[in-house]
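S.K.: The lines below spell out each chain.
2 protein chains.
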Amino acid sequence: MSSDIGKLYLIPTTLGDNEPLEVLPISVKKVIERVDHFIVENEKSARRFIKKITPKKAQPSLKINVLDKFTSALESQNYLNACEQGYDVGLLSEAGVPAIADPGANIVLQAHQKGIRVVPLVGPSSIVLAMMSSGLNGQNFAFNGYIPIDKIQRKKKIKEMERLSQSLNQSQIFIETPYRNDKLLADLLATLSPNTMLCVAADITLSVEYIKTMTVKAWKNEKERLHKRPCIFIIHKL
Amino acid sequence: MSSDIGKLYLIPTTLGDNEPLEVLPISVKKVIERVDHFIVENEKSARRFIKKITPKKAQPSLKINVLDKFTSALESQNYLNACEQGYDVGLLSEAGVPAIADPGANIVLQAHQKGIRVVPLVGPSSIVLAMMSSGLNGQNFAFNGYIPIDKIQRKKKIKEMERLSQSLNQSQIFIETPYRNDKLLADLLATLSPNTMLCVAADITLSVEYIKTMTVKAWKNEKERLHKRPCIFIIHKL
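Protein chains in written order, with the working numbering: chain A, 1 to 238; chain B, 1 to 238.
Chain A with its partners taken away, still in its complex shape (with noise of 0.2 Å):
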């Protein structure tokens, strides 16, 4: 492995539209001041985030590839050339961290397998910040993803989770796209026993920031409404 290879830097975002400064190290900062090379999710918010990080960056000499989920394997085969070529390259998120919970694993895999050392900065990530703040057992946790929309599936999948949660004493983290999570509070309220605990954890690290772990009973007397609000659900039953 030559010495002048580029590295790779996981660089996290903010998780809404606050200060980068207030939820990001200044290290975050720095490596983006001296990175031209990105993998973004989304071209026009990644622009967004670098100037609103680093204002006085030129931003008509990045260098920017897209990686979303239509980004087939081969296209991304290239996205490392320039760690090749001596450059270090910034992989971003969306949203909170990268490589976790979006389609950044592949290229980070990538570089592993090409001798890439892979450099991970600290920032907010919601499934984390979630599991802190739950209460709930965080020496024993998975986090599931998305959960199924269909109505058979989605049954299913929570009452295993509850399952789950129960004989491995493993809290269960799971998300919903946001426009339905008012449907998958009641879905949940629904379907789990009575004495489950559930956390709702909505809007992390932002000013109407809202986290609430409770028994499944209790929450059938809440009233917010987390419709478009990013949350990150929890379970687990004693």
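Please note: incorrect hints may appear among the correct ones.
Which copy is meant is left open, because identical chains are indistinguishable; a pair holds if it fits in one copy or across any two.
Straight-line alpha carbon distances no greater than 25 Å define the calculated DSS-like cross-link-like pairs of lysine-lysine that follow [what the hints assert, rightly or not]:
#1 Lys-237 with Lys-157
#2 Lys-52 with Lys-29
#3 Lys-7 with Lys-223
#4 Lys-69 with Lys-237
#5 Lys-52 with Lys-30
#6 Lys-220 with Lys-114
#7 Lys-183 with Lys-157
#8 Lys-30 with Lys-57
#9 Lys-156 with Lys-217
#10 Lys-7 with Lys-212
#11 Lys-114 with Lys-237
#12 Lys-114 with Lys-212
Read the hints as simulated data drawn from the structure, not as lab findings.
Please arrange chain B on chain A, whose structure you already have, making use of the hints.
M.R.: Frame of chain A; chain B shown alone:
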């Protein structure tokens, strides 16, 4: 719920002896500057960290309660009284984020039960930094905590995690007491299938950071020593 009740801040620390503001956003410093009540795992290292991030803060006036694995539920029951008296309280981990893989979760749950607002701050979670950096499936993963020491139990757990990683397409994360890391790596290489993917992430965020993902077969030729280095292990059988 009274509006002059204090909040419970979940305050992350560094993962080693690096500069706090390289891995923590400025908001962590701001919160520590104005909070005087802390719940910590180890008083000495907590004071050292507070001194490092806020050198001008008066230490004698701090009110510190210790919460470690020996603290009984009865003892910790009064730790949030300060919130009820209107003071903000900070929960600090020994390394990284509180209430994940440490005894803090119980205090957080108490806060929810008492109607105290829980506010998580961003910082380094070695679990998430390792997961992001592994290139393994970040859409579905489980953190299993410490792996059993007993030889038969350990082998069984390793096999079970390998099976789950394949059947659920779920990356399996686990840790070991750092002085036994080399032994664990040897056990993993002796137990897992040659094609199973293994990520080892050591000394995350430190200058000697080492993160590598390879097949078990390729690991057999790797000579990196992991002794006493904080490590995260992740496996995934494809």
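S.K.: Does each hint hold? Answer for all of them.
M.R.: Comparing the hints with the structure gives:
In this assembly of identical chains, Lys-237 and Lys-157 lie within 25 Å of each other by CA distance both inside one copy and across copies; the values are 14 Å within and 23 Å between. In this assembly of identical chains, Lys-52 and Lys-29 lie within 25 Å of each other by CA distance both inside one copy and across copies; the values are 10 Å within and 22 Å between. Taking identical chains as interchangeable, the C-alpha atoms of Lys-7 and Lys-223 lie at most 25 Å apart only when they sit on different chains, with a minimum of 22 Å there against 48 Å within one chain. For the identical chains of this complex, Lys-69 and Lys-237 are inter-copy neighbours only, at 23 Å across copies versus 34 Å inside a copy, given an alpha-carbon limit of 25 Å.
Taking the shortest Cα distances, Lys-52 and Lys-30 sit within 25 Å of each other both inside one copy (13 Å) and across copies (21 Å). With identical chains, the CA atoms of Lys-220 and Lys-114 are at most 25 Å apart between copies only, with a shortest distance of 18 Å across copies and 52 Å within one. Proximity of Lys-183 to Lys-157 under the C-alpha cut-off of 25 Å is restricted to the intra-copy arrangement: shortest distance 15 Å within a copy versus 37 Å between copies. In this assembly of identical chains, Lys-30 and Lys-57 lie within 25 Å of each other by CA distance solely inside one copy; the values are 11 Å within and 27 Å between copies.
In this homomeric assembly, Lys-156 and Lys-217 come within 25 Å of each other (Cα to Cα) only inside a single copy, at 20 Å, whereas the closest approach across copies is 38 Å. Only between protomers do Lys-7 and Lys-212 lie at most 25 Å apart by alpha-carbon distance; the minimum there is 13 Å, versus 40 Å within a single protomer. For the homomeric pair Lys-114 and Lys-237, the shortest alpha-carbon distance between copies (20 Å) is at most 25 Å, but the shortest distance inside one copy (43 Å) is not. Taking the shortest Cα distances, Lys-114 and Lys-212 sit within 25 Å of each other only across copies (11 Å), while inside one copy they are farther apart (44 Å).
Consistency note: the structure conflicts with none of the earlier hints.
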